[in-house]
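Residue numbers (our numbering), protein chains in the order written: chain Z, 1 to 204; chain L, 1001 to 1204; chain E, 2001 to 2204; chain X, 3001 to 3204.
FYI, nobody ran anything at the bench for these hints, they're computed from the structure.
In this text the structure is predicted, and so the values were computed from the model without any measurement.
Keep in mind that a hint or two might mislead.
[Said to hold, decoys possible] Short, incomplete list of chain E residues facing chain X, as computed with Cβ under 8 angstroms:
(1) V2091
(2) D2096
(3) V2100
(4) S2103
(5) G2104
(6) G2150
(7) G2179
(8) L2182
(9) G2185
(10) E2189
(11) A2191
[What the hints assert, rightly or not] Computed beta-carbon distance windows for the label pairs:
(12) P124(Z) <-> D2158(E): 49 to 55 angstroms
(13) I1163(L) <-> M2001(E): 37 to 43 angstroms
(14) L118(Z) <-> S1034(L): 48 to 54 angstroms
(15) N1204(L) <-> E170(Z): 17 to 23 angstroms
(16) K2167(E) <-> R6(Z): 52 to 58 angstroms
The beta carbon of each residue, even a glycine, is placed where N, CA and C say it ideally should be.
There are 4 protein chains.
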Amino acid sequence: MDPIERLSSLFEKFPGIGPRQARRFVQYLLASPSSSRGELSELIKRLGAETSQCKRCYRWFVKQSAKATGPADLCPICASASRDSSIIFVVEKDADIENVERSGFRGLYFVLGGTIPLASEDIPKHVRVLELLKRVQFDTAEKLKEIILGLSATTEGDHTRLILGEKLRESNIKISALGRGLSTGSELEYADPDTIASALSSRN
Amino acid sequence: MDPIERLSSLFEKFPGIGPRQARRFVQYLLASPSSSRGELSELIKRLGAETSQCKRCYRWFVKQSAKATGPADLCPICASASRDSSIIFVVEKDADIENVERSGFRGLYFVLGGTIPLASEDIPKHVRVLELLKRVQFDTAEKLKEIILGLSATTEGDHTRLILGEKLRESNIKISALGRGLSTGSELEYADPDTIASALSSRN
Amino acid sequence: MDPIERLSSLFEKFPGIGPRQARRFVQYLLASPSSSRGELSELIKRLGAETSQCKRCYRWFVKQSAKATGPADLCPICASASRDSSIIFVVEKDADIENVERSGFRGLYFVLGGTIPLASEDIPKHVRVLELLKRVQFDTAEKLKEIILGLSATTEGDHTRLILGEKLRESNIKISALGRGLSTGSELEYADPDTIASALSSRN
Amino acid sequence: MDPIERLSSLFEKFPGIGPRQARRFVQYLLASPSSSRGELSELIKRLGAETSQCKRCYRWFVKQSAKATGPADLCPICASASRDSSIIFVVEKDADIENVERSGFRGLYFVLGGTIPLASEDIPKHVRVLELLKRVQFDTAEKLKEIILGLSATTEGDHTRLILGEKLRESNIKISALGRGLSTGSELEYADPDTIASALSSRN
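The shape of chain Z in the complex, shown without the other chains (with noise of 0.2 angstroms):
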């Protein structure tokens, strides 16, 4: 195949990227300067020798940014000894934690790495279930108190979150979800029983 076609080819296996705008791509890089796909092939070259993944919560970073504030497999959240270490919030993908930090949430953080398809028989095909029951034994002899399963709010997340309560209940943390309720910007007209219902018995 040539380049151009390769290339495209590469690009369409990005997430959200279809063949036709996979081919803008290709144009995009061919009319850029060649200082600039120089940059970008450079990153993209050393983007393994640069990051690393977490040992304790699994997300992306960069090594240089942790050598500073601790040990050099643990990213800067999981070094930090400013942080809650009492509670996790288990996230399904790298991206949620940066919405939760902007929340405001100070404790530690578990990335699942997605979430449990209904009818699979194969739980850690899709999500790190081992590598939380781990962590959770690991952290409760230290002084974890609660886990909190930030997972979306649909039939899946549902899902998961049952599946990885059932596990984890024999841990004695206490194991919660995050409240349902009207979120910004929704009506009430809008909304089902089900988001109501919660939202009435949160009301505050």
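We have chain Z already, so just place chains L, E and X on it with the hints.
Same frame as chain Z, now just chains L, E and X:
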């Protein structure tokens, strides 16, 4: 103006209807059997005579159905002896009530008639604030204990809640707001920090 | 069924209206002054008596305005002496005529009443094909020279054009179709090969 | 800036990519095997060396494939002896060519590089107008007979066609524009009067 044009212009005033759809409505009626037009015309004509606005909650209801269960000027919910009259759910519009009913709420309602625009000085022009104060004053003598301000989770909804909260403060009745959180179907990645913070504080 | 429910169910049959918007229409009418409802009701009731379907082109028109210019059973366009009666523009529905008028066309029309579904055997059930043949036969005696099949550029429109073309072949009148090409606002990158090929062959 | 942030900011410059999707691209690459990142990096790096911009039509092409059929600085289409060199199809961008090829066109191309903004005074800044004039001058000596200005059917496309038409007038070559009309899938009711007028005049 000819009747086709005139009818079209009346349909254009219907909520959410533009000129093109208004014309389509007229074409639809032109192609309908005379008997269908007759029934529609008759129902619209009698609407005023057969319905009434509840003197207590201000929602519209069909007269006959109320006659069966209570006084002629109260809607079936307000006239019912089995509803919990210690709690009033304030909604923006009639349509919200159906949705709240489906969530299992069994108290009473009050239809505010809208929200208060941010810059407005003349509050009674936009919402039934005087009627609400009167209703609360009257109900307190009985056994009203809580008012839920079930407004939209929007800037204007928040503004309205704030103003109503101040007006109702003297009543010494508990004023509550619907809980915020993830609404059904929403994902953490797309939630705003306020919603996440609320979902965190109402976690369970 | 109570009048609110019944009226709501009638509005649900309007083109493009779902249950929620149908209810909103009823709420809108409930909140309207009695005089507005009265006018709407009256206009709908009189619609049948004040309008007529043109015997020649089958579009709906208001009786009075036709009276002024010609015979009572012809619409203003068909009754006009200043229109070019050598050419008939066949459209799917009444609403198309307004649009064609704005393009400056000054011939006559025929409203087909829809398109012919791909698998249908019973053509007269879907479109006024028999009426069209009769019209053509009658007009030919006068001075009809061309029939433009102004159907949608869709699969069903193409199918309908094919079938009508066959039916009209014996008439020995020129049968034409609207030119294909880039429609206003479209970009080459998103055009399909057929449209580009047509635009190429009709380049000017 | 750390490499994750920097890579994210480079992806944000890709056409149609916002901050959120740019981050998702980085997450996708972080989770990809090192070999995939390596191939992507390598392809982007070599893109400049392996491709060339055609000296005649200004589209980008892969060098090797041209080598096989003709001179190194011409793309396969410009280098081909079997294309009709009496006609040039002027397009806005490379991606348009693929689409036109699918329509069966077998002449030559010229990539303008965009359209001319309405208020712009400095035309050569936006499109390859000087290169086009030079190309036409050169080709005329051979056997160029027609230039199709295959621009978008938009206000800016019309403006560009007007300006190019003036610049090319002296050449005494036939300048044509793509035919307007109903594009595949469009309905008469939603077509604008100009499109209908064009479709009428190019009826067949």
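Comparing the hints with the structure gives:
1. V2091: Constraint on V2091(E) satisfied, holds at 6 angstroms.
2. D2096: Check passed: Cβ of D2096(E) comes within 4 angstroms of chain X, closer than 8 angstroms.
3. V2100: holds (6 angstroms)
4. S2103: Hint holds; S2103(E) Cβ to chain X Cβ min 4 angstroms, cut 8 angstroms.
5. G2104: Because about 6 angstroms separates G2104(E) from the closest Cβ in chain X, which is inside the 8 angstroms limit, the hint holds.
6. G2150: holds (6 angstroms)
7. G2179: holds (3 angstroms)
8. L2182: Holds, because the Cβ-Cβ distance from L2182(E) to chain X comes to roughly 4 angstroms (cut-off 8 angstroms).
9. G2185: Nearest chain X Cβ about 6 angstroms off; hint holds.
10. E2189: This interface hint holds because 5 angstroms falls under the 8 angstroms limit.
11. A2191: holds (6 angstroms)
12. P124(Z) <-> D2158(E): 49 to 55 angstroms: Roughly 54 angstroms apart at Cβ, these two residues keep to the hinted range, so it holds.
13. I1163(L) <-> M2001(E): 37 to 43 angstroms: holds (40 angstroms)
14. L118(Z) <-> S1034(L): 48 to 54 angstroms: holds (53 angstroms)
15. N1204(L) <-> E170(Z): 17 to 23 angstroms: Holds - the Cβ-Cβ distance for N1204(L) and E170(Z), about 20 angstroms, lies within 17 to 23 angstroms.
16. K2167(E) <-> R6(Z): 52 to 58 angstroms: holds (53 angstroms)
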